[in-house]
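Taken in order, these protein sequences are the chains called A and B. Numbering (this note's numbering) for the first sequence: 1 to 331. Numbering (this note's numbering) for the second sequence: 1001 to 1284.
Incorrect hints may have been included.
[What the hints assert, rightly or not] Below are the SDA-like pairs computed for lysine to any residue, each with C-alpha atoms no more than 20 Å apart in a straight line:
no. : chain 1 : residue 1 : chain 2 : residue 2
1   : A       : LYS70     : B       : GLY1112
2   : A       : LYS136    : A       : ALA154
3   : A       : LYS155    : A       : ARG135
4   : A       : LYS70     : B       : VAL1106
5   : A       : LYS70     : B       : TRP1113
6   : A       : LYS136    : B       : ARG1189
7   : A       : LYS155    : A       : SER134
[As the list claims (entries may be wrong)] Quick list of simulated restraints, FRET-style, between CB atoms:
no. : chain 1 : residue 1 : chain 2 : residue 2 : range
8   : B       : ILE1098   : A       : PRO291    : 53 to 63 Å
9   : B       : GLU1173   : A       : VAL214    : 24 to 34 Å
10  : A       : ALA314    : B       : GLU1173   : 40 to 50 Å
11  : B       : VAL1140   : A       : ALA28     : 50 to 60 Å
12  : A       : ARG24     : B       : GLY1166   : 19 to 29 Å
13  : B       : ALA1117   : A       : GLU182    : 40 to 50 Å
14  : B       : VAL1124   : A       : GLU309    : 50 to 60 Å
Rather than coming from a laboratory, the hints here were simulated on the basis of the structure. Note that the structure is a prediction, hence the values are computed from the model and not measured. Built from N, CA and C at the ideal position, the CB exists for glycine as well.
Listed here are the chains, written in short residue letters.
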Amino acid sequence: MSAALVRQSEAPLLQVEGLTTSIRVGGAWRDAVREVSFTVAGRETVALVGESGCGKSLTALSIMGLLAAKVGRVSAGRITVDGVDMVAASERQREAMRGDRVAMIFQEPMTSLNPVLTIGFQIGEALERHRGMSRKAARARAIELLERVRVPSAKARIDAYPHQFSGGMRQRVMIAMALACEPRVLIADEPTTALDVTIQAQVLALLAELQREVGLAILLITHNLGVVASVADRVLVMYGGDVVENAPVRSFFARPTHPYSEGLLKAMPRVDSAGELVAIPGHVPTLPDMPDGCRFQARCPLRIERCTERPPLAPLRADPAHEVRCWVRAS
Amino acid sequence: MSAATVTGGPTAWQRARRSPGLVIGLMVVVGMVLVAVFAPWLAPYDPDEQDVVVPLAAPSAEHLFGTDYFGRDVLSRVIWGARISLSIGIVSTAAGVIVGTAIGIVAGYFGGWLDRAITAAADVLLSFPQLIMGLLLVAVLGASTGNLILAIAVTAVPAFIRIARGSTLAMRERDFVDSCRVLGFSNLRIMFGHVLPNIMDEIVVLASLWLATAIRTESTLAFIGLGVPPPTATWGSIVREGFDNLLDAPWLSLCPSLAILAVMIGLNLIGDGLRDATDPKAAP
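For reference, chain A alone in the conformation it holds in the complex (with noise of 0.2 Å):
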């Protein structure tokens, strides 16, 4: 109860309202983000869930201010990091922001390191970019960034080039490089997907501590429902472009509302039921071939006619922290 009092007094870090994010296919600009709002406070963590091309991770560039501009753009909305409007701001001063206030995390630590460079240099980096230090007082915040990852014998590794890391401390060197300048939002997109299960869990235990510790507002995207159960503290259901629910994360998983929830609930294997996995029939449509109105209507066993009009994201009337863009199950 009390943890939910100081989520409450936290002020909202990272705003996003009504965002469009479009992208040119072959010559013409399609929305493949529509009009995707939530907030992340510090110390929460929100989750953005769907399965590939749903737009999760469009909306993290949008945030960081990383679209191409010949490949997309923001056509609406806002974006607010830490007080300062991403979309409004130049190009500089997203530069500026980005590692600084904002700092994102990928997939894939076997990949995410300058092979050529050494991971004290690399983590010192950005401190020398953002905060003007010199190399050796860098080289100096550096060992204690990778201490406090929990990088064993720090200050003999921080030398040391990326190839002599494994997978799970390699992402350890990624968090620690993200975090080196204290940023007030990190965006984490799929951080653990390539890691073993046990070292998934301490990758993430080690986010949630230092969460803690500065007060972060993580956006953490991935299609693990287990891992968004595990930290998460609401959840944004994505599909084709469209938040399709959104919910505080024990509402979502005892009542998953939207038809796609629900099929992705139950195409996730589970040790306490011996049921049979289900699948959800069909694929997601390409953009150019998105249908109008609600995007899952293709796929979705409870079709009405009135899918093919877009429905609103809806509050449920059981739980009005509960969201659900769906015809049937709004009402």
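Assemble chain B onto chain A, guided by the hints.
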């Protein structure tokens, strides 16, 4: 964690030391560079001093490589010539490597119209044979040491644009470049702080081979009379001076030619050895 002690097989340096070609090449080239550096102490005679008493003397104990038409000691001229030939080669290759690599990285990194324009320009330059290119430039600019270096450097630039661009294209898609972007690094920092160290091995290999080409181009230009103005000795100009008396005194042209040959072979051995040492696929 035992990973601290794990190394990924033999390092490039360890492989390099085991390659006999590389070691021999290094010995030859380093030896030649030392000869050039210590020319004033090594040369038995003043290279420009004429001794009319012994023109076209055959090799003997007194004049190991014989003397030329003006009675100048050929060994001394070859030793002093190494200075000019090697330094023109090194300076022009260095200039070509720096300029070409920088342009190539920019082209490969940014892509788009800039890349297309730079690639097209490099292709045009590459389509000229190096010698014709150097000849044209020296003919237009005039034969002086500075212009010679400029001309040879210009012929090297497109080769380095091409290799740096190609390697950068591959590097640009690597995940660590995205890591740099999310850390707020500028394009300049990513290009020269992160991409460059990754493509350096290929640049160094090509540079060692190009150094051979540059020295050969200088000698060729000197041979056809477009080199450093006489009486300064360079290997190419000594060959040229000896050419008039080739039938009577073949050592005049032979001795500097052997010096050129030795450096060519040495540099090519170094280039091949470095390529094998830095190519993980070729690792034994």
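Practice prompt. Take a quick look at whether LYS70 (chain A) and GLY1112 (chain B) sit within 20 Å of each other, Cα to Cα.
Written response: Within the cut-off at roughly 10 Å; holds.
Worksheet item: Does the Cβ distance between ALA314 (chain A) and GLU1173 (chain B) fall inside 40 to 50 Å?
Response: holds (42 Å)
Worksheet item: Is it true that VAL1124 (chain B) and GLU309 (chain A) lie within 50 to 60 Å of each other by Cβ?
Response: holds (59 Å)
Practice prompt. Below or equal to 20 Å on CA atoms is what counts here, so check LYS70 (chain A) against TRP1113 (chain B).
Written response: holds (13 Å)
Worksheet item: For the pair supplied as a hint, LYS70 (chain A) and VAL1106 (chain B), is the alpha-carbon distance within the 20 Å limit?
Response: holds (18 Å)
Fill in: Outcome of range test on Cβ distance (ILE1098 (chain B), PRO291 (chain A); 53 to 63 Å)
holds (56 Å)
Worksheet item: Hey, LYS155 (chain A) versus SER134 (chain A), does the alpha-carbon distance stay inside 20 Å?
Response: It holds: about 18 Å lies between the C-alpha atoms, which stays within 20 Å.
Discussion item. Given the hint of 40 to 50 Å, is the C-beta distance from ALA1117 (chain B) to GLU182 (chain A) inside that range or not?
Written reply: holds (43 Å)
Discussion item. Quick check: does the Cβ-Cβ distance between VAL1140 (chain B) and ALA28 (chain A) fall within 50 to 60 Å?
Written reply: holds (51 Å)
Worksheet item: Can the restraint linking LYS136 (chain A) and ALA154 (chain A) be considered satisfied, given a maximum Cα separation of 20 Å?
Response: Holds, at about 16 Å.
Worksheet item: Are the Cα positions of LYS136 (chain A) and ARG1189 (chain B) separated by 20 Å at most?
Response: holds (19 Å)
Item to complete: Could you say whether the range 19 to 29 Å given as a hint is met by the Cβ separation of ARG24 (chain A) and GLY1166 (chain B)?
Response: The hint (19 to 29 Å, Cβ to Cβ) holds, given that ARG24 (chain A) and GLY1166 (chain B) are roughly 27 Å apart.
The structure agrees with every numbered hint stated previously.
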